[in-house]
Amino acid sequence: MEDEIKSANYIVEIKSGPEPEGYVPYARETLARATDFLRRLMIHAHTANVIGTGVPRIGPAEDGSIDLFWEKDDRTLLVNFPAGESIGNYCGKKPKSEISGRFDPSESRPELVFWLAD
Amino acid sequence: MDAWPVEIIPDPDSLFYRVSVGWLKPGDTRVAPGHFRVNKGSMSCDWQKYSTAAETRSRQGAPERFAVIRMIAGKVREIDILSVIHSPIRGVEGQVDNRAHTSIFGLERSAATGAIHGQKEKIRTELYGQFHTWEIEPNAPIV
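The listed protein sequences correspond, in order, to chains A and B.
Letter by letter, the first sequence follows residues 1 to 118 of the numbering used here.
Letter by letter, the second sequence follows residues 1 to 143 of the numbering used here.
I should point out that these hints are in silico values taken from the structure, not numbers from a laboratory.
No residue lacks a Cβ here, since even glycine has one placed at the ideal position from N, Cα and C.
Check before you lean on any hint, since a few could be wrong.
Stated by the list, open to error - Some residues of chain A that are not near chain B, with every Cβ distance over 12 Å (derived):
#1 1
#2 13
#3 27
#4 36
#5 43
#6 44
#7 45
#8 49
#9 52
#10 54
#11 79
#12 106
#13 107
#14 111
What the hints assert, rightly or not - Calculated lysine-lysine pairs in the DSSO-like style (CA-CA distance at most 27 Å, straight line):
#15 A/96 <-> B/75
#16 B/25 <-> A/6
#17 A/94 <-> B/75
Said to hold, decoys possible - If we take Cβ atoms under 10 Å as the criterion, some of the chain A residues that face chain B in the derived model are:
#18 15
#19 51
#20 55
#21 59
#22 60
#23 66
#24 67
#25 69
#26 73
#27 80
#28 89
#29 93
#30 100
#31 101
#32 102
For reference, chain A alone in the conformation it holds in the complex (with noise of 0.2 Å):
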């Protein structure tokens, strides 16, 4: 996981795309949000002896957001922290199971890795 949070500095390097007009950088305060959100999300998985969760690929999206997307057999959960903003979205699908909503990321959710690991 570390590995994967130390590789997504890149994000803030990122320049504007394409379409410079209207582009919204990427804030090291937005990816602070989405990576302490993802420690504290492991954590609780360490302490609950959740295993299998897997690491979620971490990237950029619209609007200087920023996504934490995991992908395993047959689930995916998908978490964005849009930029300058106190409140994060989720949707996570699995057969016969979705969830979806709003959070905010300076809280702990560890219902997510139990659902991802359920």
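Fit chain B to the supplied structure of chain A, relying on the hints for placement.
Below, chain B alone, put in the same frame as chain A:
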């Protein structure tokens, strides 16, 4: 200059969607949900009737800076609130004429006030699930 007519895009037809290689993690060329984005009110792509994937890649110049995903119109329409509308561009200041230009609407509404929480993430996950392979890979030779 007359505008090009707006046509109905059949469900089986392909749409070419351009992705900046600058969004990719060095050494990792996989498609990601974060590649599906709104630009000026919709997701812009090109209809196969008037464009090849290579033309989509090079339309704004510097084709080496882009990769291309192929999407199928009917599969896009099956996703939640998405719609596919042919929207050719001709004679618009600051924009390259493009008869193939097509707009995918819905993703922009999914994050608006009053939208269902997590709907945008759901749509992006479904777009990724349907279209996660490259038609033209990042760093592919220019043809």
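Outcome of the hint check:
1. 1: With a cut-off of 12 Å, residue 1 of chain A remains clear of chain B, as the shortest Cβ separation is near 15 Å.
2. 13: The claim breaks: residue 13 of chain A does not keep its Cβ more than 12 Å from every Cβ of chain B (closest is about 9 Å).
3. 27: 15 Å, holds
4. 36: Residue 36 of chain A clear of chain B: closest Cβ-Cβ about 19 Å, beyond 12 Å.
5. 43: Non-interface label on residue 43 of chain A holds, nearest chain B Cβ at 23 Å vs cutoff 12 Å.
6. 44: At roughly 20 Å from the nearest Cβ of chain B, residue 44 of chain A sits farther out than 12 Å, so the non-interface label holds.
7. 45: 21 Å, holds
8. 49: 28 Å, holds
9. 52: Residue 52 of chain A is indeed farther than 12 Å from all Cβ atoms of chain B, at 20 Å.
10. 54: 15 Å, holds
11. 79: The assertion about residue 79 of chain A is violated, with a minimum of 8 Å to chain B.
12. 106: 17 Å, holds
13. 107: The assertion about residue 107 of chain A holds, with a minimum of 15 Å to chain B.
14. 111: At about 14 Å from chain B, residue 111 of chain A clears the 12 Å cut-off, so the statement holds.
15. A/96 <-> B/75: 21 Å, holds
16. B/25 <-> A/6: 12 Å, holds
17. A/94 <-> B/75: 19 Å, holds
18. 15: Interface hint status for residue 15 of chain A: holds (7 Å vs cutoff 10 Å).
19. 51: 24 Å, violated
20. 55: Hint on residue 55 of chain A: violated, closest Cβ of chain B at ~13 Å, above 10 Å.
21. 59: Nearest chain B Cβ about 5 Å off; hint holds.
22. 60: 5 Å, holds
23. 66: Since chain B brings a Cβ to about 8 Å from residue 66 of chain A, closer than 10 Å, the hint holds.
24. 67: At 5 Å from the nearest chain B Cβ, residue 67 of chain A passes the 10 Å test, so the hint holds.
25. 69: For residue 69 of chain A, the interface hint holds, since the closest Cβ of chain B sits about 6 Å away, which is under 10 Å.
26. 73: With a closest approach of 13 Å, the residue 73 of chain A hint is violated.
27. 80: 6 Å, holds
28. 89: 5 Å, holds
29. 93: The hint holds - residue 93 of chain A has a Cβ within 10 Å of chain B, the shortest such distance being about 6 Å.
30. 100: Holds: closest Cβ of chain B sits about 3 Å from residue 100 of chain A, inside 10 Å.
31. 101: 5 Å, holds
32. 102: 4 Å, holds
The structure fails hints 2, 11, 19, 20 and 26 (numbered hints given earlier, in ascending order).
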